[in-house]
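I would like the entire structure built from these sequences, with the hints used as guidance.
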Amino acid sequence: MVESFFKNDEGHNVTVNGDRYRAMITNFFIPELNNHEVQELWFQQDGATCHTARATIDLLKDTFGDRLISRFGPVNWPPRSCDLTPLDYFLWGYVK
Numbered sequence: 001m002v003e004s005f006f007k008n009d010e011g012h013n014v015t016v017n018g019d020r021y022r023a024m025i026t027n028f029f030i031p032e033l034n035n036h037e038v039q040e041l042w043f044q045q046d047g048a049t050c051h052t053a054r055a056t057i058d059l060l061k062d063t064f065g066d067r068l069i070s071r072f073g074p075v076n077w078p079p080r081s082c083d084l085t086p087l088d089y090f091l092w093g094y095v096k
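Residue numbering for the sequence shown follows this note's numbering, starting at 1 and increasing by one per position.
Quick caveat, the hints were computed from the structure, so don't treat them as lab data.
Accuracy of the hints is not assured; some may be wrong.
[Stated by the list, open to error] The calculated label-pair distances, taken between Cβ atoms and stated as ranges, are:
| hint | residue 1 | residue 2 | range |
| --- | --- | --- | --- |
| 1 | P74 | G11 | 32 to 38 Å |
| 2 | R54 | T15 | 15 to 21 Å |
| 3 | N17 | T63 | 15 to 21 Å |
| 4 | D58 | H36 | 19 to 25 Å |
| 5 | R71 | L41 | 15 to 21 Å |
| 6 | Q39 | G11 | 33 to 39 Å |
| 7 | D46 | D66 | 15 to 21 Å |
| 8 | H12 | P74 | 34 to 40 Å |
| 9 | N8 | V75 | 28 to 34 Å |
| 10 | T15 | G65 | 28 to 34 Å |
The structure displayed is predicted, hence computed values, not measured ones.
In this text, a Cβ means the ideal position worked out from N, Cα and C, and glycines have one as well.
So, in structure tokens, the structure goes:
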């Protein structure tokens, strides 16, 4: 599921900070997840500052538990991993 929420109500571009990111997760993403069977869903994000704020990580841990791949998350995503794909990093080891 990929969605873009980088405009405010008036259609203007906004900077995504920790508060806005958590609001997007709380108001849009989690309600959408509740409409689907996603008990085994893993959540992965990069190390952007808004993604790794303590309050954001706490919210995501509450939502996904140990199924969070993120900097400072239960499964740490390495910084600057331009040559490391999600499949190489996590999926094949999980499938084995």
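Now for the hints, and whether the structure bears them out:
1. Evaluation of the 32 to 38 Å hint for P74 and G11 yields a pass: the beta carbon distance comes to about 37 Å.
2. For the hinted restraint 15 to 21 Å between R54 and T15, the CB-CB distance of approximately 19 Å keeps it satisfied.
3. Distance hint check for N17 and T63: the Cβ-Cβ separation is about 19 Å, which falls inside the suggested range of 15 to 21 Å.
4. Taking the beta carbon of each, D58 and H36 are about 23 Å apart, inside 19 to 25 Å as hinted.
5. Our hint of 15 to 21 Å for R71 and L41 holds, since their Cβ atoms are close to 19 Å apart.
6. Between Q39 and G11, the C-beta spacing of about 36 Å keeps the proposed range 33 to 39 Å intact.
7. Distance hint check for D46 and D66: the Cβ-Cβ separation is about 19 Å, which falls inside the suggested range of 15 to 21 Å.
8. At about 36 Å, the beta-carbon gap between H12 and P74 stays in the expected band of 34 to 40 Å.
9. At about 33 Å, the CB distance of N8 to V75 agrees with the hint of 28 to 34 Å.
10. At roughly 30 Å, the beta carbons of T15 and G65 sit within the given window of 28 to 34 Å.
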